[in-house]
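Once you have looked at the hints, place chains B and C on chain A.
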Amino acid sequence: MNGALTDRLKAIFRDIETDDVRDGRLTVLAPAASVLSVLRLLRSDGYGYLQLISCVDWIDDGQLEVVYVLSRYLDGEGGIGGGPIRVVLKTRVPRTNASLPTAIEIYPIAEPYEREVHELFGVRFEGHPRLTPLFLEREYEIPPFRKDFDTRQYVEDVFGSVPAVGEESQDS
Amino acid sequence: MRELELYFGPQHLGMVGNFSITLKVEGDRIVKADANPGYLHRGFEKLMELRSWIKNFPMVCRMNVVEPDSMEMIYSMGVEKLAGIQVPERAQFIRSIYLELARVGSHLFGLWAYANMLGFDTVAQWAMYHRDLVLDLFEELTGGRVYHIYIWPGGVRRDFPDGFEDRIVSTLHSIGGCVPDYDNAFFNNRLFRERAKGVGTVTREDAVAMGGTGQVIRATGMEYDIRKVDPYAAYDRVPWDVHTRTEGDAYSRIWVVRDEMIESVHMIFKLLDAMPKGDVYNRIPNPFKWRIPEGDAYVRCESSRGELGLYIVSDGGDKPHRAHFRTPSYPHGLTVLEQALVGESIADVGNIMISLYVVAPEIDR
Amino acid sequence: MDRNQLVKWLEAPAKMAHKYSLHAVYFCTGCGIIEVPPTITARWDAERFGVLPTATPRHANLFLITGYVSVKTLRAIVRTYEQMPEPKFSVGFGSCPINGGMYWDSYNTIKHLDRYIPIDGWIAGCMPRPEAIFIAVTHLWTLIEKDMADGYKRYREHYDEYRANQERVLGKLEWPPLFPMRKDQ
Chain A
-9 MNGALTDRLK AIFRDIETDD VRDGRLTVLA PAASVLSVLR LLRSDGYGYL QLISCVDWID
51 DGQLEVVYVL SRYLDGEGGI GGGPIRVVLK TRVPRTNASL PTAIEIYPIA EPYEREVHEL
111 FGVRFEGHPR LTPLFLEREY EIPPFRKDFD TRQYVEDVFG SVPAVGEESQ DS
Chain B
13 MRELELYFGP QHLGMVGNFS ITLKVEGDRI VKADANPGYL HRGFEKLMEL RSWIKNFPMV
73 CRMNVVEPDS MEMIYSMGVE KLAGIQVPER AQFIRSIYLE LARVGSHLFG LWAYANMLGF
133 DTVAQWAMYH RDLVLDLFEE LTGGRVYHIY IWPGGVRRDF PDGFEDRIVS TLHSIGGCVP
193 DYDNAFFNNR LFRERAKGVG TVTREDAVAM GGTGQVIRAT GMEYDIRKVD PYAAYDRVPW
253 DVHTRTEGDA YSRIWVVRDE MIESVHMIFK LLDAMPKGDV YNRIPNPFKW RIPEGDAYVR
313 CESSRGELGL YIVSDGGDKP HRAHFRTPSY PHGLTVLEQA LVGESIADVG NIMISLYVVA
373 PEIDR
Chain C
1018 MDRNQLVKWL EAPAKMAHKY SLHAVYFCTG CGIIEVPPTI TARWDAERFG VLPTATPRHA
1078 NLFLITGYVS VKTLRAIVRT YEQMPEPKFS VGFGSCPING GMYWDSYNTI KHLDRYIPID
1138 GWIAGCMPRP EAIFIAVTHL WTLIEKDMAD GYKRYREHYD EYRANQERVL GKLEWPPLFP
1198 MRKDQ
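Chains as they are written, first to last, in this note's numbering: chain A, -9 to 162; chain B, 13 to 377; chain C, 1018 to 1202.
No lab work stands behind these hints, which were simulated from the structure alone. Keep in mind it's a predicted model, so treat the numbers as computed, not measured. Each residue gets a CB set at the ideal place from its N, CA and C atoms; glycine is no exception. One or more of the hints may lead you astray.
Derived DSS-like pairs (lysine-lysine); straight-line CA-CA distance at most 27 Å [claimed, not checked]:
hint: 1; chain 1: B; residue 1: K93; chain 2: A; residue 2: K137
hint: 2; chain 1: C; residue 1: K1032; chain 2: C; residue 2: K1163
hint: 3; chain 1: A; residue 1: K80; chain 2: B; residue 2: K93
hint: 4; chain 1: B; residue 1: K93; chain 2: B; residue 2: K209
hint: 5; chain 1: B; residue 1: K301; chain 2: A; residue 2: K137
hint: 6; chain 1: A; residue 1: K137; chain 2: A; residue 2: K80
hint: 7; chain 1: B; residue 1: K67; chain 2: B; residue 2: K93
hint: 8; chain 1: B; residue 1: K301; chain 2: B; residue 2: K67
hint: 9; chain 1: B; residue 1: K331; chain 2: A; residue 2: K80
hint: 10; chain 1: B; residue 1: K93; chain 2: B; residue 2: K289
hint: 11; chain 1: B; residue 1: K67; chain 2: A; residue 2: K137
hint: 12; chain 1: A; residue 1: K137; chain 2: B; residue 2: K209
The following residues of chain B were derived to be distant from chain A, with all beta-carbon distances above 12 Å [to be verified]:
hint: 13; residue: K36
hint: 14; residue: R170
hint: 15; residue: N200
hint: 16; residue: V241
hint: 17; residue: R312
hint: 18; residue: L346
Chain A with its partners taken away, still in its complex shape:
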């Protein structure tokens, strides 16, 4: 039963890698071009709950890894039951010109997660209706969550250089 999903994925998609199911979790590594098709398959298989879209910066490899964590609410809730409770789908994009298609048609909840990944890591999601800043107010040359953004240097440059008020006019 646990192997059924893995076999189906391997049969349909030639270019993905999967591990065995460990601890109720299946990890799938897919190239960026097949991400939407894998998501569609998993959605029709009952994994209707997108828990998280996250991004990890592997600066030594020069790649950003976008991670989709999928699950389902209760066993038997919509779709084929059984199989691992969680599927973690990982894909890698290059750090320069990182871009992926948006997953909003498949999972409507993807909208704020993709907006956040775009803002903090600089990954473009093609087809997203509202890719405006979510949290940040200022402009940053390097997206702040990337590993090459030195936050302590930034703090010194921007906030440490603000002078205290009334220092010059102490002798007035």
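Okay, now just chains B and C, sitting in the frame of chain A:
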């Protein structure tokens, strides 16, 4: 009729927490709502990458200010899963009791906010007073009223002091004895029913599509509680029920909160009876030289607002490579809120926001 | 009422009225908001000190900046502070406004709040207890008594420095200057 753009901004009496909603209204009806988070963004997850594993513990609890204990728990669970640390049995029971007390405190805070929003000031004062009694218990156990830093990987920091269990029982009895007063004054009150029935309805399909958890999904009839679905700590050692309602409006959500509070109190009594003796923590490696093997993990727990998850990645070093918190207020405050507000009146914005239990620092981290 | 107070009430009634009715504007700026509801409700009752929350800054004379201040919040704080009528007093609550606190290396929080708006006093702690808020209120009474709580006067005198600091962090401000700016020589 003309359309107006209003800022239900951060400085507003109806806003608990630093959050802003841009409303487009026609008369009194809301046509479109845009959530505007970011007032509390600290770049938490970036700061966590600069501090070692043990130094992150005092930081993590400050992510959510209303119930910091669930944040400590989820970070401990993540680190324990990555590092393969076991937790002794007594510590699991203590963790469950501690988290249930935090849940009671957090729901009382939500009841203060909600009752104030509807104008029931007396009930709000009672709720805040009873939450203070729970905070007194926390202060005796950990030394701090709000930020406790009590759970760490391998167990909890110290055992219960002498006689603490009796004090827990007497405090909970004094709070529980006031439940008939709460019911008369608020929950069975006709004014609450008229203000909250049919307001902010979230159907089950919408909640499932938008990733709603916690009381948002339990008020639509689904018995989805991580403590039952994916048990952690000592939640599978005692019998307890999940409470649901069916309509999915603000009235059902607040009733689910009330039933959960009472269930938590009963659960604490059962856990206290069943708690074994023993150690309360397993030793962790030297925290200055602690390296966790490579890997990634996704853990989840049930906080008072819904499903709280953590995706944590280690590259074999002494600092986390990436820690991403999946907080329950993120979908509730950003997509569910925008959908639930359409068609409602301006006076109900605070009503709906607090019934969804959106806590702003969780969204921005 | 003891006899010393009676003399003070007759000599300077406005100052005594300012002291004993510090109405705080209701703005939950940060973490510290978790200790404000216990302070203003029945157990720790701040109303016996004269402290009440108000809905709008136009009715308030105390601004309690509770917790860390991010850049977006600073914009709202400056607008709220400028809308309050004088005399007004502002108190930084928690260790984060003092020097950045725990988020000293965060790219989105400001580090020293008194470079952007004037602060009359600080309350240290993370979180400060309700009793710490009451001690701060009594200290503020002493400062008002001795005419040392002059944050609003400093704002008027050094307005161009404050505004320059605000513009450094927030960019071009969309509201006009509150006081006439001194022309540079």
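Structure-based check of all given hints:
1. K93/B x K137/A: Holds - the C-alpha atoms of K137/A and K93/B are around 25 Å apart, at most 27 Å.
2. K1032/C x K1163/C: Holds. K1032/C to K1163/C sits at ~10 Å (cutoff 27 Å).
3. K80/A x K93/B: Judged against 27 Å, a Cα distance of about 20 Å means the pair holds.
4. K93/B x K209/B: violated, 43 Å
5. K301/B x K137/A: holds, 23 Å
6. K137/A x K80/A: Roughly 19 Å between the alpha carbons, so the hint for K137/A and K80/A holds.
7. K67/B x K93/B: holds, 18 Å
8. K301/B x K67/B: Distance ~12 Å between K301/B and K67/B Cα, so the pair holds.
9. K331/B x K80/A: Since the Cα atoms of K331/B and K80/A sit roughly 22 Å apart, the hinted pair holds (cutoff 27 Å).
10. K93/B x K289/B: holds, 24 Å
11. K67/B x K137/A: holds, 20 Å
12. K137/A x K209/B: violated, 49 Å
13. K36: The claim stands: K36/B keeps its Cβ more than 12 Å from every Cβ of chain A (closest is about 15 Å).
14. R170: holds, 31 Å
15. N200: It holds; N200/B is separated from chain A by about 31 Å at its closest Cβ, greater than 12 Å.
16. V241: violated, 7 Å
17. R312: violated, 8 Å
18. L346: violated, 4 Å
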